[in-house]
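Participant: Chains C and V, in that order, give the protein sequences. First residue of the first sequence? That's 7 in the numbering used here, and the numbers climb one at a time after it. First residue of the second sequence? That's 7 in the numbering used here, and the numbers climb one at a time after it.
Keep in mind that the hints were calculated from the coordinates and are not lab data. Bear in mind the structure is a predicted one, so any value in this text is a computation, not a measurement. We treat Cβ as the ideally placed atom computed from N, Cα and C, and that holds for glycine. No false leads were mixed into what you were given.
For each label pair, taking beta carbons as the anchor points, the in silico distance ranges come out as:
#1 C/Arg183 / V/Glu396: 36 to 44 Å
#2 V/Ala347 / C/Ser89: 28 to 36 Å
#3 V/Arg18 / C/Arg312: 40 to 48 Å
#4 C/Arg312 / V/Arg380: 52 to 60 Å
In silico lysine to any residue, SDA-like type, Cα no more than 20 Å apart, as pairs:
#5 C/Lys147 / V/Ala125
#6 C/Lys218 / V/Arg196
#7 C/Lys218 / V/Tyr215
#8 V/Lys218 / V/Ala51
#9 C/Lys305 / C/Ala293
#10 V/Lys218 / C/Arg190
#11 C/Lys147 / V/Gly124
#12 V/Lys218 / C/Ile50
#13 C/Lys218 / C/His197
#14 C/Lys218 / V/Gly200
#15 V/Lys218 / V/Gln81
#16 V/Lys147 / V/Glu375
#17 C/Lys218 / V/His197
#18 C/Lys305 / V/Val96
#19 C/Lys218 / C/Asp204
#20 C/Lys218 / V/Thr217
#21 C/Lys147 / C/Pro348
One-sided excerpt, in silico: chain V residues whose CB lies under 7 Å from chain C:
#22 Glu53
#23 Glu76
#24 Gly95
So you can see what is in the structure, the chains are spelled out below.
2 protein chains.
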Amino acid sequence: MRLPDSFYSSVRAELTEALGERGLDGFLATSPADVAYLCGFFYIATERPVYLWMPRSGDPLLVIPRLDDEYAAQQQVTVETVSYFEYPGVVTAEQTLAAALAGRGARRIGVGAGVSVGAFRALSTALGETTTLETTDAVAKLRLRKLPEEIPFHEAAARICDEMLAAGRELIADALRRGAELPREDEIARHVIGYGTDRMYADYDLVVYTTKLAGGLVYAGPNSALPHGLPTRRRVRPGDTLILSLGAAVASRFVESERTFVIGEPTPEQQRYYEADREAQEVGTQAMVAGRTCAEVNKICLDVLRGHGLGDYIRHRQGHGIGLQNHEPPWVEDGDNTVLAPGMLLSSEPGVYVPGHAGYRISDTVLVEAAGPRRLTSYPRDLASTVIEEVR
Amino acid sequence: MRLPDSFYSSVRAELTEALGERGLDGFLATSPADVAYLCGFFYIATERPVYLWMPRSGDPLLVIPRLDDEYAAQQQVTVETVSYFEYPGVVTAEQTLAAALAGRGARRIGVGAGVSVGAFRALSTALGETTTLETTDAVAKLRLRKLPEEIPFHEAAARICDEMLAAGRELIADALRRGAELPREDEIARHVIGYGTDRMYADYDLVVYTTKLAGGLVYAGPNSALPHGLPTRRRVRPGDTLILSLGAAVASRFVESERTFVIGEPTPEQQRYYEADREAQEVGTQAMVAGRTCAEVNKICLDVLRGHGLGDYIRHRQGHGIGLQNHEPPWVEDGDNTVLAPGMLLSSEPGVYVPGHAGYRISDTVLVEAAGPRRLTSYPRDLASTVIEEVR
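Next comes chain C alone, as it looks inside the complex (with noise of 0.2 Å):
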């Protein structure tokens, strides 16, 4: 679950020319998908700050809780390491970064804008009145674009993330066939996300992750009419329609893959709403070409609601940018002008809520490459394929 040094190579050419044209000494990262990104040790937010030194020019500094040593040894981390003994401290992080870089000539340090004003500030403390502090874009637009390295790692998780919705599918369809009671939704959840967390420990030596390996949303019936319902303890039942909506990341590269499903022959009103939020879905993913905005590619999915009366049931945008994390820029929405390019790689999900009857969303993880987009998820998208019948 390594990338290759190449990578971390592209990745320092492409931060060095980002902070000279900014006129910045370098950039400070403060977050997992940051830090992983830029030297690829891998650990889960905690208070314990980890700070990630790049300079211009010169060599990176990281600065970890020293609980953390002999992990980011494990990781085989090569960037140089000091370490704080704890969180606050006595000597803070903050006090251990300054003094490590005394002498450096960081005048103008960049972080990104999702540091936390506390951070902020104890920060340009320690680091004191000859160094400025700014927010800067520097590396969230490098994220923007996944380098070619990155690529099959998130093809490995689409692998994995298909994976888990057939182990779903199998485990309604298994209890069907023996006529057994139908698994809750929260049973389910269970079993499609330890299927993928085993894959990725089965697949791997050593299995890294910022947030997590693999997780999901899993809801049937009225449930599903909320995007953000938790799974319940309900049993799914003949006549349900029900969303698997699961996410997996390799090398904390995320994708995710979900899909609707019905369970026994669909009514002619679940056949209506899958058919429009498939098409949406179909439409809007082939609009993810380069050279549209974020706000267009949008415009034309969730149009294709609208057009079959469907636009009360509207109640999220089409997409979103995937990567280091499983939400993050550009995202497929009226509001944001980000032009599409090759490297970007998005989700495509919009979605059908009816209160009180279901919800109903198809989504992909989709690639945008000079000659199209290209799903790497492949689950089959059309009703027939998602149908769970009841005797097979």
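We have chain C already, so just place chain V on it with the hints.
Facilitator: Relative to the frame of chain C, chain V by itself:
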């Protein structure tokens, strides 16, 4: 999984007083924990902002993304709610908030220091020049001391967390009894987390959370010497030291319960490390008395390990506050001079980490009461009880 109305009334009264002392017209909550604390709406953080306005006087106001409208209704949130369509939005969350606050006399607004620099700026811009936004510890200070209505939820989580430990132990003991292959670390992790999650769903009609219901780290042998190591695919084996580091939350009221087990007859080396850690945990827990500072307690606790000549094997502080977040202030560490007071809830978890051999950590969740410290978690701590025998 719902706190009584009296809890929210008490919090409101305390907040009004704290805002008055600080000359603030209100507090703007920007994090899942603060929002849940102040109004009982539970959500998982995404890029879509949620803002809760709590004025010193007058009615609170909740700003949520449109896709969470039905979710908030399901949670029976009684606070006035306005929603914005999407993120980033043509009309942003911050603009929606500013429009809804117009005419409500919000001149000086306090926010927590955890807010991002980007959000702070977007809020300042949207609210305009007549409103000033400043960071405040008003809510952070309230959250230091748990109210009586919160304790039963922590206690319920503690019972489940202790049962998760028992479930993990039993998984291994059962395999030993049957002469079967022992489970892998990742299998144990999935088993105990699944057990805890299942209990939540069995016990509560509507499960809510801000980060998770149950979680944990499981590591054995040399891997357990890495405090932040992830579970691996390694099977546990006779002779292993094994740490089950588990957490659970009911209505996002967290506890942790962690025990170190030995599979088979402990060696003198295992006995020595175990007993030293158990003694440090006992002494450190009994030291959690109102009136002492966090730094004093931490020193009393870790001095036990140092007295046993194990100072080189210390990797972290004694513990941390625990509440709506699994880690929150105060910090039981040398750098925190917070004075302990009744109602504070703390982890007590000294650890000993011997590189190449194993780690030892015992953690309880401890409530500081006027009469002294009271452990909410109660899984046995003596070595005999945490030895998993090869044959029983």
